[in-house]
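A.B. asks: Residue numbers (the working numbering), protein chains in the order written: chain A, 1 to 196; chain B, 1 to 288.
Take the hints with a grain of salt, since some may be wrong.
Far from chain A, some chain B residues (derived; all Cβ distances over 10 Å) [stated by the list, open to error]:
| # | residue |
| --- | --- |
| 1 | A66 |
| 2 | R129 |
| 3 | A152 |
| 4 | P226 |
Selected chain A positions facing chain B (Cβ under 8 Å, derived; list incomplete) [as the list claims (entries may be wrong)]:
| # | residue |
| --- | --- |
| 5 | I36 |
| 6 | S37 |
| 7 | T38 |
| 8 | A39 |
| 9 | T51 |
| 10 | P81 |
| 11 | C83 |
| 12 | S84 |
| 13 | S85 |
| 14 | S89 |
| 15 | P92 |
| 16 | D132 |
| 17 | I134 |
| 18 | Y138 |
| 19 | D139 |
Simulated pairs of lysine-lysine, DSSO-like, Cα-Cα distance not exceeding 30 Å [stated by the list, open to error]:
| # | chain 1 | residue 1 | chain 2 | residue 2 |
| --- | --- | --- | --- | --- |
| 20 | A | K115 | B | K130 |
| 21 | A | K70 | A | K177 |
| 22 | A | K176 | A | K70 |
| 23 | A | K155 | A | K124 |
| 24 | B | K138 | A | K176 |
| 25 | A | K155 | A | K176 |
| 26 | A | K155 | A | K13 |
| 27 | B | K130 | A | K177 |
| 28 | B | K130 | A | K155 |
| 29 | A | K70 | A | K155 |
| 30 | B | K57 | B | K130 |
| 31 | A | K70 | B | K57 |
| 32 | B | K130 | A | K176 |
| 33 | A | K176 | A | K124 |
| 34 | A | K13 | A | K115 |
| 35 | A | K70 | A | K13 |
| 36 | A | K155 | A | K177 |
| 37 | A | K124 | A | K177 |
| 38 | A | K124 | A | K70 |
| 39 | A | K124 | B | K130 |
| 40 | A | K178 | B | K130 |
Simulated from the structure, these hints should not be mistaken for lab results. This structure is a prediction, so every number in the text was calculated from the model and none was measured. Here a beta-carbon is modelled for each residue, glycine too, at the ideal position from N, C-alpha and C.
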Amino acid sequence: TVEPLEYYRRFLKENCRPDGRELGEFRTTTINIGSISTADGSALVKLGNTTVICGIKAEFATPPTDTPDKGYVVPNVDLPPLCSSRFRSGPPGEEAQVASQFIADVIENSQMIQKEDLCISPGKLAWVLYCDLICLDYDGNILDACTFALLAALKNVQLPEVSINEETALAEVNLKKKSYLNIRTHPVATSFAVFD
Amino acid sequence: TGRPPARAGRPGGSPGAGGASGRKSRRGRGAAGMAGLELLSDQGYRVDGRRAGELRKIQARMGVFAQADGSAYIEQGNTKALAVVYGPHEAIGLRAAPPQIRGSRARALPDRALVNCQYSSATFSTGERKRRPHGDRKSCEMGLQLRQTFEAAVLTQLHPRSQIDIYVQVLQADGGTYAACVNAATLAVLDAGIPMRDFVCACSAGFVDGTALADLSHVEEAAGGPQLALALLPASGQIALLEMDARLHEDHLEQVLEAAARAARDVHTVLDRVVRQHVREASVLLGD
Chain A
1 TVEPLEYYRR FLKENCRPDG RELGEFRTTT INIGSISTAD GSALVKLGNT
51 TVICGIKAEF ATPPTDTPDK GYVVPNVDLP PLCSSRFRSG PPGEEAQVAS
101 QFIADVIENS QMIQKEDLCI SPGKLAWVLY CDLICLDYDG NILDACTFAL
151 LAALKNVQLP EVSINEETAL AEVNLKKKSY LNIRTHPVAT SFAVFD
Chain B
1 TGRPPARAGR PGGSPGAGGA SGRKSRRGRG AAGMAGLELL SDQGYRVDGR
51 RAGELRKIQA RMGVFAQADG SAYIEQGNTK ALAVVYGPHE AIGLRAAPPQ
101 IRGSRARALP DRALVNCQYS SATFSTGERK RRPHGDRKSC EMGLQLRQTF
151 EAAVLTQLHP RSQIDIYVQV LQADGGTYAA CVNAATLAVL DAGIPMRDFV
201 CACSAGFVDG TALADLSHVE EAAGGPQLAL ALLPASGQIA LLEMDARLHE
251 DHLEQVLEAA ARAARDVHTV LDRVVRQHVR EASVLLGD
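Chain A extracted, bound-state conformation:
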């Protein structure tokens, strides 16, 4: 458009937006859960055209020495060049780093998952959940889409039962017995902007 502000103002006068939505309305949201079988938990979220896929893989790690009864949750948001022509290949740009930090803050502040639940044996073994969010189509409102995808994928994660063998001090994983994570809170992200 030649005059983008004027174009928008004309719609706002009628209290709607160029794609026909109300001012407070979300785009059509679809969620597809558990489609990636190699990941321990996965979810694909479409917010209008914005598409984000989240894959979670769980691995073993030793808990940090200052908090031996906690596991780790490591989120990472990737905005690859395939999602939009504004991104180039190379190290993560500013927007991707900001989004990763945002997701890390959301997990920490909302207490969505208690890190104590991820501990198997205090001081020796704990789960680390690597949450990788990849944006496949960038059409705005990436933070909301990432939060939805993360929450949906976490609810889909199934961790096998692990016991520590006393004699050998090795972990024994029972793949036949899997249980879901205990998600305590369900944060919902809503982004808004003030125009004019």
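Using the hints provided, position chain B relative to the given structure of chain A.
C.D. replies: This is chain B only, laid out in the frame that chain A set:
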């Protein structure tokens, strides 16, 4: 709305958690050494119930993303790949170059288009978590192979001084990732409307117990036998890319190559149907 990636119905196709992967047999015959896992049974059935020359189920969709000029998503068995094409557009730097470096300005070619391919596989795509999704040796090599394949097929003389970007993302890897990437990229390039000589159809092939197998799954690849990847232009039978790095007796090469070529032609049949279906749907929406 939304794109539901339907799970293919083949049993035993996905890589087991640490079970089948990493089992490499150094014997020339390529059969897995462990008891109980025969890559090819006496009746001629493979691990997932297919015959020697049979492909996995292929499902593909074109035009899945709004931002890109062309996009496609393909599922070959449990291998899920998507390809996105931007272009042809002005030739800009391939990497995010910092503003100080002026010398790395675009190497725009004066007589043809520059084809830039990038391969990335998600960290959650394999049984073991991948540490580096892009920039590692294998991704760079795959990107280079894809570029060679598409430079041969795309009519680059029609777009001088411009650049065509092809980005491929593997969401789940269950063997045959190169083939799935090439097939997805072909559909994406077609969706973008960039002229090509012909479809580029790819398939992998292996050799077990004197029989050539087509379209290897992860279990069959991990068994350690020879694997060949072939990208073919079906109408003329010309080979865009042929890659193998394993030991195979030259007497068997003909047989394996023939199996791969036949499988690639079968892939072409499927992709052709997908393209026609997509065009039919698009013309219905346009009201023709």
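A.B. asks: Answer holds if the nearest beta-carbon of chain B is closer than 8 Å to that of T51/A; otherwise answer violated.
C.D. replies: holds (7 Å)
A.B. asks: Was the hint right that P81/A lines chain B, CB cutoff 8 Å?
C.D. replies: Nearest chain B Cβ about 6 Å off; hint holds.
A.B. asks: Within 30 Å, alpha carbon to alpha carbon, are K13/A and K115/A?
C.D. replies: violated (48 Å)
A.B. asks: Has the given pair, K57/B with K130/B, been kept, meaning a C-alpha gap of at most 30 Å?
C.D. replies: holds (26 Å)
A.B. asks: Find the nearest Cβ of chain A to the Cβ of A66/B and say whether that gap is larger than 10 Å.
C.D. replies: violated (4 Å)
A.B. asks: Please verify whether K124/A and K177/A have alpha carbons no more than 30 Å apart.
C.D. replies: Holds, because 22 Å separates the two Cα atoms, which is no more than 30 Å.
A.B. asks: Does the interface hint hold: is T38/A within less than 8 Å of chain B, judged Cβ to Cβ?
C.D. replies: holds (5 Å)
A.B. asks: Sort out whether K177/A lies within 30 Å of K70/A, counting only the CA atoms.
C.D. replies: Answer holds: K70/A to K177/A is near 22 Å, not above 30 Å.
A.B. asks: Against the 30 Å threshold, does the CA-CA distance of K178/A and K130/B hold or violate the hint?
C.D. replies: Holds: K178/A and K130/B sit about 23 Å apart, inside 30 Å.
A.B. asks: Is K124/A close enough to K70/A, meaning Cα to Cα at most 30 Å?
C.D. replies: Between K124/A and K70/A the Cα gap is close to 11 Å, so the pair holds against 30 Å.
A.B. asks: Tell me if D139/A is really an interface residue toward chain B, meaning its C-beta lies closer than 8 Å to one of theirs.
C.D. replies: holds (6 Å)
A.B. asks: Please verify that hint: S84/A, Cβ, nearest Cβ of chain B, below 8 Å or not.
C.D. replies: holds (5 Å)
In summary, the numbered hints that this structure violates are 1, 2, 15, 24, 26, 31, 34, 35.
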